[in-house]
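Asker: Going down the list, the sequences are from chains A and B. Take the first sequence: its position 79, counting from 1, is numbered 79 in our numbering, and each next residue is one higher. Take the second sequence: its position 146, counting from 1, is numbered 318 in our numbering, and each next residue is one higher.
Bear in mind the hints are in silico, worked out from the structure with no lab data behind them. Backbone N, C-alpha and C fix where the C-beta goes; we use that ideal spot for every residue, glycine too. Among these hints, one or two may not hold up.
[Said to hold, decoys possible] Derived coverage of chain A by chain B (criterion: at least 3 residues anywhere in the stretch with Cβ under 8 Å from a Cβ of chain B; other residues may be distant):
(1) 7-19
(2) 56-68
(3) 81-91
(4) 157-168
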Amino acid sequence: MAAGSTYTKIATTTVSGSSTNSITFSSISNGYTDLVLICSVQNSAAGSALGMQVGNGSVDTASNYSVTELYGDGSSASSYRLSNITYTLNTVNIAIPTTSAFMPFIINCQNYSNTTTYKTFLTRSGAAGQGVEAIVNLWRSTSAINVITLLLTGAQYFNAGSTFTLYGIAAA
Amino acid sequence: MANTYTLIASNTVGSGGSATMAFTSIPSTYTDLKIVISARTNAAEYRSVPVLYFNADTTGANYSYRLVYGISSTAGSASGTGTGGGFFFYVNGASTTASTFSNVEIYIPNYAGSTAKSISNDGAAETNDGTNNGLALNASLWSGTAAITTATISFAAGLFVEYSTAYLYGIKNS
Numbered sequence: 001m002a003a004g005s006t007y008t009k010i011a012t013t014t015v016s017g018s019s020t021n022s023i024t025f026s027s028i029s030n031g032y033t034d035l036v037l038i039c040s041v042q043n044s045a046a047g048s049a050l051g052m053q054v055g056n057g058s059v060d061t062a063s064n065y066s067v068t069e070l071y072g073d074g075s076s077a078s079s080y081r082l083s084n085i086t087y088t089l090n091t092v093n094i095a096i097p098t099t100s101a102f103m104p105f106i107i108n109c110q111n112y113s114n115t116t117t118y119k120t121f122l123t124r125s126g127a128a129g130q131g132v133e134a135i136v137n138l139w140r141s142t143s144a145i146n147v148i149t150l151l152l153t154g155a156q157y158f159n160a161g162s163t164f165t166l167y168g169i170a171a172a
Numbered sequence: 173m174a175n176t177y178t179l180i181a182s183n184t185v186g187s188g189g190s191a192t193m194a195f196t197s198i199p200s201t202y203t204d205l206k207i208v209i210s211a212r213t214n215a216a217e218y219r220s221v222p223v224l225y226f227n228a229d230t231t232g233a234n235y236s237y238r239l240v241y242g243i244s245s246t247a248g249s250a251s252g253t254g255t256g257g258g259f260f261f262y263v264n265g266a267s268t269t270a271s272t273f274s275n276v277e278i279y280i281p282n283y284a285g286s287t288a289k290s291i292s293n294d295g296a297a298e299t300n301d302g303t304n305n306g307l308a309l310n311a312s313l314w315s316g317t318a319a320i321t322t323a324t325i326s327f328a329a330g331l332f333v334e335y336s337t338a339y340l341y342g343i344k345n346s
């Protein structure tokens, strides 16, 4: 990381073709304080949520994740909770669009490389035609995060043009 | 050093207020845009909702939104098309405690792309009283397929008061 670079792109991926259903960022440096993931996503067909698995060396695929969601569908607000799941969920009630606009996801992970606390992720996602979500996910591990996989939870694929960018924020 | 997160332009309202805060000639050389607003209006309201137009497109049908909100102790959700721009966020009005300003963040991924623009924007008006505080989390859509080159924020009635600010940042992934 260059000295004085507070907000730095770590890696970016733009999907091409029609056979990608996961994106992995590996060998993530511990030289930052926080991570920010910006995703702009379309799905090949309805049926998937955008999940995420994290880990150290390899992603944790065990049931060590939980999610709490605040959701508005345009007429009422609600909250939803799932625990002991095998990936985080960055959308719960909203279907990722398959055409036209891409759905934005802003995922923040503070203090990702500490080895003393479980890791929390804050996600903002939404689609103007469906709803808006504010989500918190928890990974029950004290391991530092150096690998992240974003995935579709069903048997679909990211549409070409979907983008995933990982930024690091350094406090010093 | 890559210049990942760059201030493109800023607005600071001077004495006498201003009807608009605007960004023009936005270059297409970034990946995403982020607008950060701290504002207050002289309209005699608790929570005023500004209008935001891109590329001088004032056609309401081209904007839509869906939000979840909290006002005091009540949560709810609403949606609509943007007769005044499809971006629903709260700005403190003149009825709120003096010197309280709203906080707003608007994130626009792939603003220079050729698809409709899906936008995430959050705004809060902390009014320092028990009943009129407001927080809105919003998913917005502008159906325009052109690159965003201008953004104009204003009110249907009222001015931005002195010390209101709006900053436009460009975020680059290359």
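Asker: Going through the earlier hints one by one, which of them does the structure break, listed in rising order?
Answerer: 2 and 3
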